[in-house]
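Visitor: Those protein sequences? They're chains A, B, C and D, same order as listed.
Just so we're aligned, residue 1 is where the first sequence starts under the UniProt record's numbering, counting upward by one.
Just so we're aligned, residue 1 is where the second sequence starts under the UniProt record's numbering, counting upward by one.
Just so we're aligned, residue 1 is where the third sequence starts under the UniProt record's numbering, counting upward by one.
Just so we're aligned, residue 1 is where the fourth sequence starts under the UniProt record's numbering, counting upward by one.
The set of hints was computed from the structure by calculation and includes no laboratory data.
Among the hints, erroneous ones may be present.
[Claimed, not checked] Calculated pairs, EDC-like style, for lysine to aspartate or glutamate (alpha carbon to alpha carbon, straight line, at most 20 Å):
| # | chain 1 | residue 1 | chain 2 | residue 2 |
| --- | --- | --- | --- | --- |
| 1 | D | Lys97 | C | Glu160 |
| 2 | A | Lys93 | A | Glu118 |
| 3 | B | Lys26 | A | Glu118 |
| 4 | A | Lys26 | B | Glu152 |
| 5 | D | Lys125 | C | Glu181 |
| 6 | A | Lys37 | B | Glu118 |
| 7 | D | Lys123 | C | Glu181 |
| 8 | C | Lys97 | D | Glu160 |
| 9 | C | Lys123 | D | Glu181 |
4 protein chains.
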Amino acid sequence: MAPLNDEQLHQIRDERKEQIMEAALKVFSRRGIVGTKMSMIAAEAGISHGLLYHYFKSKDELFTTLVQMAMLGAQDAMKSIYDLQGSPLDKIKYLTKEILDESGRPYFMLIHQARTSEGVPEKVKELVAQYSMNSFVDELLPVFKEGQQTGEIAAGDLVELISAYLSVLSSLMMLNIQDEENYRIPSSDILMRMVTGP
Amino acid sequence: MAPLNDEQLHQIRDERKEQIMEAALKVFSRRGIVGTKMSMIAAEAGISHGLLYHYFKSKDELFTTLVQMAMLGAQDAMKSIYDLQGSPLDKIKYLTKEILDESGRPYFMLIHQARTSEGVPEKVKELVAQYSMNSFVDELLPVFKEGQQTGEIAAGDLVELISAYLSVLSSLMMLNIQDEENYRIPSSDILMRMVTGP
Amino acid sequence: MAPLNDEQLHQIRDERKEQIMEAALKVFSRRGIVGTKMSMIAAEAGISHGLLYHYFKSKDELFTTLVQMAMLGAQDAMKSIYDLQGSPLDKIKYLTKEILDESGRPYFMLIHQARTSEGVPEKVKELVAQYSMNSFVDELLPVFKEGQQTGEIAAGDLVELISAYLSVLSSLMMLNIQDEENYRIPSSDILMRMVTGP
Amino acid sequence: MAPLNDEQLHQIRDERKEQIMEAALKVFSRRGIVGTKMSMIAAEAGISHGLLYHYFKSKDELFTTLVQMAMLGAQDAMKSIYDLQGSPLDKIKYLTKEILDESGRPYFMLIHQARTSEGVPEKVKELVAQYSMNSFVDELLPVFKEGQQTGEIAAGDLVELISAYLSVLSSLMMLNIQDEENYRIPSSDILMRMVTGP
DNA sequence: CATGAATGAGCCTTCATTCAT
DNA sequence: GATGAATGAAGGCTCATTCAT
Chain A
1 MAPLNDEQLH
11 QIRDERKEQI
21 MEAALKVFSR
31 RGIVGTKMSM
41 IAAEAGISHG
51 LLYHYFKSKD
61 ELFTTLVQMA
71 MLGAQDAMKS
81 IYDLQGSPLD
91 KIKYLTKEIL
101 DESGRPYFML
111 IHQARTSEGV
121 PEKVKELVAQ
131 YSMNSFVDEL
141 LPVFKEGQQT
151 GEIAAGDLVE
161 LISAYLSVLS
171 SLMMLNIQDE
181 ENYRIPSSDI
191 LMRMVTGP
Chain B
1 MAPLNDEQLH
11 QIRDERKEQI
21 MEAALKVFSR
31 RGIVGTKMSM
41 IAAEAGISHG
51 LLYHYFKSKD
61 ELFTTLVQMA
71 MLGAQDAMKS
81 IYDLQGSPLD
91 KIKYLTKEIL
101 DESGRPYFML
111 IHQARTSEGV
121 PEKVKELVAQ
131 YSMNSFVDEL
141 LPVFKEGQQT
151 GEIAAGDLVE
161 LISAYLSVLS
171 SLMMLNIQDE
181 ENYRIPSSDI
191 LMRMVTGP
Chain C
1 MAPLNDEQLH
11 QIRDERKEQI
21 MEAALKVFSR
31 RGIVGTKMSM
41 IAAEAGISHG
51 LLYHYFKSKD
61 ELFTTLVQMA
71 MLGAQDAMKS
81 IYDLQGSPLD
91 KIKYLTKEIL
101 DESGRPYFML
111 IHQARTSEGV
121 PEKVKELVAQ
131 YSMNSFVDEL
141 LPVFKEGQQT
151 GEIAAGDLVE
161 LISAYLSVLS
171 SLMMLNIQDE
181 ENYRIPSSDI
191 LMRMVTGP
Chain D
1 MAPLNDEQLH
11 QIRDERKEQI
21 MEAALKVFSR
31 RGIVGTKMSM
41 IAAEAGISHG
51 LLYHYFKSKD
61 ELFTTLVQMA
71 MLGAQDAMKS
81 IYDLQGSPLD
91 KIKYLTKEIL
101 DESGRPYFML
111 IHQARTSEGV
121 PEKVKELVAQ
131 YSMNSFVDEL
141 LPVFKEGQQT
151 GEIAAGDLVE
161 LISAYLSVLS
171 SLMMLNIQDE
181 ENYRIPSSDI
191 LMRMVTGP
């Protein structure tokens with residue numbers, strides 16, 4: 001069989017890369033960088049572990065790449081709520097679901113891993129510093145402020161409130177919902193009480 | 001000189017054992033069983049890694065011992081709130097602080113590790129099953145119920161509420177408070193809103 | 001270039017596996033399971049110690065596999081004498097040489113190790129029980145009985161005689177013949193006197 | 001209590017030393033130098049493992065001391081048969097029992113360990129060379145020669161015959177008689193056939 | 001590009017030996 | 001003399017990474 005031409009090769013490369021990243025995200029986000037073996041990612045992606053090293057120089061690089069992508073995606077998600085219709089509280093509810101629901105969760109989990117795990121690469125530490133909690137708080141400040149004005153959001157220091165809100169969401173994500181016996185992700189209603197106040 | 005008498009030996013043994021367990025608790029609770037190397041515990045305790053094995057047969061045994069102790073301690077902490085004076089809400093606030101403050105936190109963190117980590121010993125899985133979240137919920141049911149009657153606690157399914165409350169606390173604990181740049185443990189006020197309701 | 005096809009891979013795997021087993025047999029049979037380090041086997045096979053674990057899960061598994069094979073081989077050797085021409089005594093002489101000569105010796109030595117060493121895996125203990133001395137005695141009973149009838153074999157309890165004969169052979173094997181200064185494997189003539197009688 | 005005087009101390013030293021050596025002989029002779037842990041010897045002697053090092057500098061020294069003693073004892077046993085009454089064959093039978101019976105067996109087993117085990121100290125290798133099989137053969141040559149003259153012993157090369165005889169005895173000793181399932185020490189009758197011939 | 005064989009650093013654990021008491 | 005706490009070298013095993021095919 002004739003060798004593939006350049007374009008085909010490029011496409012294979014991209015598809016494969018995406019396939020690997022998807023698998024890696026799935027595994028890294030649950031198990032962290034230390035708890036993840038390259039063989040797990042390979043198995044999840046349905047390829048040999050050797051092939052991983054054609055697309056990523058090392059486990060660290062793969063992890064770092066994913067964190068970078070997740071950081072950008074998280075910021076996008078924050079920004080995207082401003083495109084929605086509805087009250088400020090509606091927007092915040094939407095974001096809450098976005099973070100806790102299946103779709104976006106792995107990204108936020110990965111960010112959490114990057115922030116809290118020991119043994120992450122130096123580059124990841126830099127990313128964590130660059131995309132600090134504050135940068136996400138800034139992104140949400142306008143909608144929360146508007147909510148305060150409409151009375152939907154509790155009075156008080158907004159930076160504190162938003163930080164607390166994001167911290168709770170971030171940590172909750174990490175709970176294995178399968179394991180109902182032990183943990184239960186709170187309903188939106190209960191969660192929203194934190195920000196709406198009495 | 002005569003060898004040490006039994007009492008002295010026991011004291012040394014107990015002190016060392018405690019010293020090791022304290023060090024191990026510190027490290028395990030932050031890094032989990034997989035992320036913890038025996039050499040880390042040894043370094044934290046200021047002893048050689050070989051000595052660990054005079055006191056504990058294996059890493060697994062050490063971890064299991066700590067989890068067992070933490071489970072008992074956690075249940076005690078739950079029960080202890082009934083000895084306090086004050087309204088139901090006061091008691092819940094007290095427990096909240098107990099869990100999030102420096103003193104009790106490592107124990108609860110360890111329990112969280114036991115519940116969520118991969119690679120924990122079989123014995124720990126049994127302990128987790130035995131001391132399930134439900135058993136803790138049961139412990140708190142009376143005080144929450146009383147709070148509902150006095151109107152301090154929001155109406156609604158109490159098991160759900162308490163589970164949510166404990167889940168939030170459990171996950172929050174795992175955040176490095178030092179890491180102010182990234183996370184902020186919510187103030188009691190904000191947390192309490194979840195249970196007091198609007 | 002395309003990856004190796006299945007057949008090639010299997011061949012490599014099988015060759016390597018055989019190479020490792022040969023090396024392991026050599027070392028285990030002399031030094032027993034405790035006295036053998038995986039690095040010795042690796043060195044003997046000319047590979048890295050890490051590679052051993054691609055082919056065998058553990059030292060125990062490797063040892064067990066070899067013992068199993070040796071047990072089967074030993075039984076085959078016993079049976080094979082019935083295919084030979086010649087008098088009963090000829091057949092027994094042949095078997096004696098088979099056991100003491102370079103070719104079959106390591107297998108019988110390994111069986112001896114399995115029977116007499118401390119620290120052998122549980123599975124090996126089962127194998128030893130399954131392939132007990134008695135089962136080998138049973139295999140040889142017909143030829144010895146025939147020998148008794150022809151007068152070549154001494155009168156008396158055959159089970160005792162065969163057991164004694166096998167015990168002597170088994171223990172003799174373990175002598176390092178290189179080390180002539182200290183031990184001398186008896187000549188067949190001398191050995192045969194035990195079974196032929198006065 | 002007043003400290004012991006010199007003589008008392010010396011006696012304790014000797015008694016202890018003997019107690020340790022007896023225990024060590026028991027364990028070493030069965031399990032070899034590699035399979036024996038210092039803690040096993042301490043347990044067998046009923047003392048702490050630390051105390052072993054008051055009497056013997058190291059495991060190697062302890063082993064070497066025992067081998068030395070066993071070598072001397074073995075030679076004595078050989079010589080002692082000449083003090084007996086009876087025919088040459090009677091003397092050889094006596095020696096055979098001496099070697100295989102409970103009393104002298106550990107010494108001969110230890111010698112066997114010294115000769116055949118890997119990982120014995122250099123000093124032991126020298127001892128093995130010094131007290132080679134040949135020296136034992138020499139010791140027995142007269143009685144065997146006499147037996148040949150009386151016709152009790154088979155004709156042929158005596159050095160070969162004696163070497164074979166000792167090799168068989170040495171290796172048989174190592175069999176665990178308990179382990180009847182697998183091995184059976186031959187009866188004297190069967191063994192004697194080797195030397196008496198047809 | 002794709003595979004899996006191969007390597008070796010590093011972790012858990014054991015055990016001979018030392019030493020304070 | 002006697003004890004057992006303490007140390008560290010070394011062995012079994014895992015897994016990230018490399019490389020021949």
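Visitor: Against each hint, give a clear statement of whether it holds in the structure.
Guide: Now for the hints, and whether the structure bears them out:
no.: 1; hint: D:Lys97 with C:Glu160; result: holds (19 Å)
no.: 2; hint: A:Lys93 with A:Glu118; result: violated (32 Å)
no.: 3; hint: B:Lys26 with A:Glu118; result: holds (14 Å)
no.: 4; hint: A:Lys26 with B:Glu152; result: violated (42 Å)
no.: 5; hint: D:Lys125 with C:Glu181; result: holds (12 Å)
no.: 6; hint: A:Lys37 with B:Glu118; result: holds (13 Å)
no.: 7; hint: D:Lys123 with C:Glu181; result: holds (17 Å)
no.: 8; hint: C:Lys97 with D:Glu160; result: holds (18 Å)
no.: 9; hint: C:Lys123 with D:Glu181; result: holds (17 Å)
Checked against the numbered hints given earlier, the structure breaks hints 2 and 4 and satisfies all the rest.
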